[in-house]
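Generate coordinates for the entire structure from the input sequences, incorporating the hints supplied.
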Amino acid sequence: MKQIRVLLADDHAIIRDGLKQIFADTDDLLVTGEAANGLEAMDLVRAQACDVLVLDISMPGRNGLDLIRMIRDEKGHLPILVLSMHHEEQYAVRAIHAGASGYLTKESDGEVLIAAIRRVAGGGVYVTEKVAELLVRGIRPTNDALPHAALSDREYQVFNMLVMGKGLTEIGEELSLSVKTISTHKTHILQKMNMSNTAELIRYAIAHGLVEASQF
1 MKQIRVLLAD
11 DHAIIRDGLK
21 QIFADTDDLL
31 VTGEAANGLE
41 AMDLVRAQAC
51 DVLVLDISMP
61 GRNGLDLIRM
71 IRDEKGHLPI
81 LVLSMHHEEQ
91 YAVRAIHAGA
101 SGYLTKESDG
111 EVLIAAIRRV
121 AGGGVYVTEK
131 VAELLVRGIR
141 PTNDALPHAA
151 LSDREYQVFN
161 MLVMGKGLTE
171 IGEELSLSVK
181 TISTHKTHIL
191 QKMNMSNTAE
201 LIRYAIAHGL
211 VEASQF
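The numbering of the sequence shown is our numbering, which starts it at 1 and goes up by one.
Think of the hints as simulated: they come from the structure by calculation, not from any bench.
There's no promise every hint is true.
Said to hold, decoys possible - The calculated DSS-like cross-link candidates involving lysine-lysine, where the alpha carbons are at most 27 angstroms apart (straight line), are: (1) K166 <-> K106; (2) K20 <-> K2; (3) K130 <-> K106; (4) K106 <-> K20; (5) K166 <-> K186; (6) K166 <-> K180; (7) K75 <-> K20; (8) K106 <-> K75; (9) K166 <-> K192; (10) K2 <-> K75; (11) K180 <-> K192.
Here it is as structure tokens:
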């Protein structure tokens, strides 16, 4: 049986350890490298041969969507399976459009994850029914696109962090950007979405299923 060589990129060691434990009980999956941030992930992909990259889209060091595009440019053959804490509505479509071969949330069970890795390693695409629905909805001609669709990938990342209640300083530290840069992104987000403050962004995110009210 040919083993599938897997690289893990996630900034939480406990997540990486949990994934390794799942894969240790699976004969055809072998973890050959780990990265704790976006820069390490890029270096790892350049240095090691592998069959699949399992990638957390929200890590320090580099925007996850930018990282997917960079890997696509340099290692076009490498399947990328996004494993994210973010619900499908938040990032799945953007990740697939950036070049990911699949998208799962961290709420998925181990068997689903293993099946997804095998699928993308074999050259296929793995999306849940929810993600497929979002993709189909996104390609239909429409004149009433929601305001958040106009945000750039970086703006959308900051938007998600803002509606999760994070402050400018905290966001800047997580993204390795200055508070001034984050403040500029926030201004552009409010302008593009025709809103005045973070409270309006939060209400919008709840109304459109981008974040759950129970989180507040």
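Here is what the structure says about each hint:
Under the criterion of a C-alpha separation no larger than 27 angstroms, the hint pairing K166 with K106 is consistent with the structure, at around 21 angstroms. At roughly 18 angstroms between alpha-carbon atoms, K20 and K2 fall within 27 angstroms of each other, so this suggested pair holds. Restraint check: the Cα-Cα separation between K130 and K106 comes to about 15 angstroms, which is no more than 27 angstroms; the hinted pair holds. Annotation: proposed proximity of K106 to K20 holds, straight-line Cα distance about 14 angstroms (limit 27 angstroms).
A hinted pair counts as satisfied when its Cα atoms are at most 27 angstroms apart, and K166 with K186 qualifies at roughly 12 angstroms. Between K166 and K180, the direct Cα distance comes to roughly 15 angstroms. Compliance with the 27 angstroms bound is thereby established for this hinted pair. Straight-line distance between C-alpha atoms of K75 and K20 comes to about 24 angstroms, which keeps the hinted pair within the 27 angstroms bound. Taking the CA atoms of K106 and K75, the gap is near 25 angstroms; set against the 27 angstroms cutoff, the hint holds.
Distance restraint check for K166 and K192: the Cα-Cα separation of roughly 20 angstroms lies within the 27 angstroms cut-off, and the hinted pair is therefore satisfied. With a C-alpha separation of about 21 angstroms, the suggested pairing of K2 with K75 holds against the 27 angstroms cut-off. Simply put, K180 and K192 have alpha-carbon atoms about 18 angstroms apart, close enough for the 27 angstroms limit, and the pair holds.
This entry satisfies every hint, going by the numbered hints stated previously.
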